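Position chain B relative to chain A; hints supplied.
Number of protein chains: 2
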Amino acid sequence: MISTSAVDAYVEKHTRRFVDELKELCSFPSISNHGHAAIQPARDWLADRLARFTDRVETLEAGGMPALYAEVKGAGRRKLLLYEHYDVQPVDPLDLWQSPPFEPAERDGRIVARGVADDKADVMARIHALETLKNLGEAPVTLRFLVEGEEEIGSRSFAKIAHDHADKLKADGCLWESGTSFDDAGRPTLQFGCRGLAYVQLRVKRLDFDQHSGFASIYPSAAMYLIGALASLRDQDMNIKIDGFYDRVVKPTETDRRMMATIDPETEKRRKLVGFDKLVRDPKPEQVIEQMLFLPTCNIAGVTTGYQGPGSKTVLPAEASAKLDFRLIPNQDPDDVVELLRRHLDRHGFEKVEIVRGEGEKPARSDPSSAIARTVIDCVRDMHGEPVLWPFMPATGPMHPVVSDLGIPTVLPVGVGRPDNRIHAPNENIRAADYINTVRLNCRIWERFGAA
Amino acid sequence: MISTSAVDAYVEKHTRRFVDELKELCSFPSISNHGHAAIQPARDWLADRLARFTDRVETLEAGGMPALYAEVKGAGRRKLLLYEHYDVQPVDPLDLWQSPPFEPAERDGRIVARGVADDKADVMARIHALETLKNLGEAPVTLRFLVEGEEEIGSRSFAKIAHDHADKLKADGCLWESGTSFDDAGRPTLQFGCRGLAYVQLRVKRLDFDQHSGFASIYPSAAMYLIGALASLRDQDMNIKIDGFYDRVVKPTETDRRMMATIDPETEKRRKLVGFDKLVRDPKPEQVIEQMLFLPTCNIAGVTTGYQGPGSKTVLPAEASAKLDFRLIPNQDPDDVVELLRRHLDRHGFEKVEIVRGEGEKPARSDPSSAIARTVIDCVRDMHGEPVLWPFMPATGPMHPVVSDLGIPTVLPVGVGRPDNRIHAPNENIRAADYINTVRLNCRIWERFGAA
Chain A
5 MISTSAVDAY VEKHTRRFVD ELKELCSFPS ISNHGHAAIQ PARDWLADRL
55 ARFTDRVETL EAGGMPALYA EVKGAGRRKL LLYEHYDVQP VDPLDLWQSP
105 PFEPAERDGR IVARGVADDK ADVMARIHAL ETLKNLGEAP VTLRFLVEGE
155 EEIGSRSFAK IAHDHADKLK ADGCLWESGT SFDDAGRPTL QFGCRGLAYV
205 QLRVKRLDFD QHSGFASIYP SAAMYLIGAL ASLRDQDMNI KIDGFYDRVV
255 KPTETDRRMM ATIDPETEKR RKLVGFDKLV RDPKPEQVIE QMLFLPTCNI
305 AGVTTGYQGP GSKTVLPAEA SAKLDFRLIP NQDPDDVVEL LRRHLDRHGF
355 EKVEIVRGEG EKPARSDPSS AIARTVIDCV RDMHGEPVLW PFMPATGPMH
405 PVVSDLGIPT VLPVGVGRPD NRIHAPNENI RAADYINTVR LNCRIWERFG
455 AA
Chain B
5 MISTSAVDAY VEKHTRRFVD ELKELCSFPS ISNHGHAAIQ PARDWLADRL
55 ARFTDRVETL EAGGMPALYA EVKGAGRRKL LLYEHYDVQP VDPLDLWQSP
105 PFEPAERDGR IVARGVADDK ADVMARIHAL ETLKNLGEAP VTLRFLVEGE
155 EEIGSRSFAK IAHDHADKLK ADGCLWESGT SFDDAGRPTL QFGCRGLAYV
205 QLRVKRLDFD QHSGFASIYP SAAMYLIGAL ASLRDQDMNI KIDGFYDRVV
255 KPTETDRRMM ATIDPETEKR RKLVGFDKLV RDPKPEQVIE QMLFLPTCNI
305 AGVTTGYQGP GSKTVLPAEA SAKLDFRLIP NQDPDDVVEL LRRHLDRHGF
355 EKVEIVRGEG EKPARSDPSS AIARTVIDCV RDMHGEPVLW PFMPATGPMH
405 PVVSDLGIPT VLPVGVGRPD NRIHAPNENI RAADYINTVR LNCRIWERFG
455 AA
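So the protein lines, in turn, are chains A and B.
Going letter by letter, the first sequence gives residues 5 to 456 in this note's numbering.
Going letter by letter, the second sequence gives residues 5 to 456 in this note's numbering.
For reference, chain A alone in the conformation it holds in the complex:
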């Protein structure tokens, strides 16, 4: 077993090069939204890096953006799946960037570049951890890198990739991309799953073209029809009125409640940052996190109808549309939710509302007492202090195929993520020191997981 001090010494010696190589990866404009050709150079560069440690490097495809796969044999009997993604968000608004998004800069101890936090630091820190251990001895577990290419555009083919290549991916544990790793107070946080998502557009057309609003007393209004449909879905307290919607929602377990009790809801900090007057349902402080995680949502992400410009236009709109996203709680299923929504609309007299399906992801939960979870918790405690444990994160990722279909215990570990990373926004950044710590933490987790 390679000692922690040997790892730390190696990492310290190579800090400058590690940061430079991370910046090199961040110089590729791998925006999946821009298509295959945009992201291939980053993938090729990564394939070349991984090929230094194994001859088992390949791409896995299932109709979308190819994922990069590499297996590195390790000393122990255990296998560990490492999920990351090499694609990044678009950069606009470009004029708000202080330096070009794909010319990585260093300012005040931070590395600034599109994708550095989401998710290239995870990708590169794991490659640098592999290099460290290989140079000091050998990999303690068999590592299975899966670097996805379409996470930022909805991971549309990820479930198929996972199913088609189940043999390659199966492992005794999975380290997911690390997400937000420290809360506002600087405490390390771990999560063991994510919420699901059903995204739909509702469309109504009642006339062939917009009319003079003088006719509103006799011609039907697409806007009013859609608003009636939307108003029927929930009340102002986010109680969702769709029959059967809550049937498959699980309650938090005692373990969940114990975990959530240690999470600081930071209500006053949020109020100042976000500007709400009071939270939905006006919960007591100890209920905030439970409501955030365990209440599924029916969110109106957008509504479009009629005249949108300045001043007035007296028009009776022919069409109206809305975008809805539902955050789903275990064990809800996006297909079920869309079916229940269709039935609700039909029963309430809104059969003319067309549902156009968008993304769908199932929620995913993993056991916080699994071997990989316990290993991560112990290593994080050693390095950063007692971690705050979240049953799952409030957001959504393509975790279900790994956690539920392949049955791999999964953790969102600690990486570089902090609330001020500005992921998806201009001037995305990380602290360089956090990056080096992420390399060190990976080495510790793998060593400890491999020793069992």
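If you're looking for bench data, these hints aren't it; they were derived computationally from the structure.
Only a predicted model underlies this, so the values are computations on that prediction, with no experimental measurement involved.
Check the hints yourself; a few may be wrong.
The list treats identical chains as interchangeable, and a pair is accepted whether it falls inside one copy or across any two copies.
List of simulated lysine-lysine pairs, BS3-like, C-alpha gap at most 30 angstroms [what the hints assert, rightly or not]: (1) K276 x K317; (2) K164 x K317; (3) K317 x K245; (4) K174 x K138; (5) K276 x K288; (6) K138 x K288; (7) K317 x K27; (8) K77 x K164; (9) K282 x K255; (10) K17 x K174; (11) K245 x K356; (12) K356 x K273.
Just chain B now, kept in the frame of chain A:
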């Protein structure tokens, strides 16, 4: 009294020049939306034309776009007010015009130009009628031209102009701009008033900036709040739920009902053109016109919130807004309606909805048996056959100050308007023959009205 045959001979002889002069007026891009400088050249040109017949030409101002005023003394004791406007709508979308909007073209017996139908044909036909009568003898009534400059942007200062210059405008009758003059079957139509309008924007802000939609279970939704407010205002059958909204609405009189019984609702033609499945309230054919005119409306002219682009974005919108227009029936008042709306929102828990006031116009009705009305009806019958009489038009104009405040009996007479004129749209056009008939009809009406 000048004979009809003398008028017709003069008009026939000068047809080519009349059309050319109308085209000359239409070559001025007098878009009031573009500001004072944009519309002055058209006004100056018209002032110069009118100055050929009178030395009493001036502009009337009350803070908005100036109106042009001219008085021409006539032989008889009666005075006639002529309301028109010299401003026009914007031209976009420009690429749908077959010829440049301010380079008037002639195609298939039609004159094509922005503003030719709305309302430059009325302006010029009345000047040409004046020329005709002056050349054949003299004006039979004192004519008071009022050519407004901001009708297309809501006539914001028109009420003040009318009040400030009541002495100049007072008359025994008023010919309004002619509007739609023939129905689909080609029957001449007359109207004796208009509906009122209250235009408002509703705005809601619940957060300082848009949030990740994962927070929708705890942060309030501006979109849902606004939708709740909108849904509370009316049902799908246009029954308005605002307390007191209907209190001042008048019922049709027996005279109104007799008039409406002669109007063809053209339901099947409308269905094909407009594409509705059925009308609001599914009225019997004999109820369609009464519902169109005598039901006030609460129309949603636009809604804007959240992400409006293609594909999906999971966002919890911080703000939401809607544009509403209310068409008002005698004796509703826009100030009252806005006050009732405020009270409704407060009572129903929507006190966070801000109301931003836009245009407001009171409804206006004039007596269809007034002297000017009877004169117009008789002259139209002679020239075009039995006219269809509408109690008032379903749309709105700044008629209230003239009809109600100054007490001038008013008619929307027959002019060039037909359903295929494409007013406010690309390729606005009129038939040249309709233009010449409008000159002739004006001469007849003035002669007959002046003879009394």
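Cross-check of the supplied hints:
1. For the homomeric pair K276 and K317, the shortest alpha-carbon distance between copies (25 angstroms) is at most 30 angstroms, but the shortest distance inside one copy (37 angstroms) is not.
2. For the identical chains of this complex, K164 and K317 are inter-copy neighbours only, at 23 angstroms across copies versus 48 angstroms inside a copy, given an alpha-carbon limit of 30 angstroms.
3. Taking identical chains as interchangeable, the C-alpha atoms of K317 and K245 lie at most 30 angstroms apart only when they sit on different chains, with a minimum of 23 angstroms there against 34 angstroms within one chain.
4. With identical chains, the CA atoms of K174 and K138 are at most 30 angstroms apart within one copy only, with a shortest distance of 23 angstroms there and 99 angstroms across copies.
5. For the homomeric pair K276 and K288, the shortest alpha-carbon distance inside one copy (18 angstroms) is at most 30 angstroms, but the shortest distance between copies (57 angstroms) is not.
6. For the homomeric pair K138 and K288, neither the shortest alpha-carbon distance inside one copy (51 angstroms) nor that between copies (85 angstroms) is at most 30 angstroms.
7. In the homo-oligomer, the alpha carbons of K317 and K27 lie at most 30 angstroms apart only across protomers (28 angstroms), although the nearest pairing inside one protomer, at 50 angstroms, exceeds that limit.
8. With identical chains, the CA atoms of K77 and K164 are at most 30 angstroms apart within one copy only, with a shortest distance of 25 angstroms there and 87 angstroms across copies.
9. In the homo-oligomer, the alpha carbons of K282 and K255 lie at most 30 angstroms apart inside one protomer (24 angstroms), although the nearest pairing across protomers, at 46 angstroms, exceeds that limit.
10. When the C-alpha separation of K17 and K174 is checked against a cutoff of 30 angstroms, the pair qualifies neither within a copy, at 34 angstroms, nor between copies, at 95 angstroms.
11. In this assembly of identical chains, K245 and K356 lie within 30 angstroms of each other by CA distance both inside one copy and across copies; the values are 19 angstroms within and 23 angstroms between.
12. Taking the shortest Cα distances, K356 and K273 sit within 30 angstroms of each other only across copies (23 angstroms), while inside one copy they are farther apart (44 angstroms).
Violated hints for the displayed structure, listed by number in ascending order: 6, 10.
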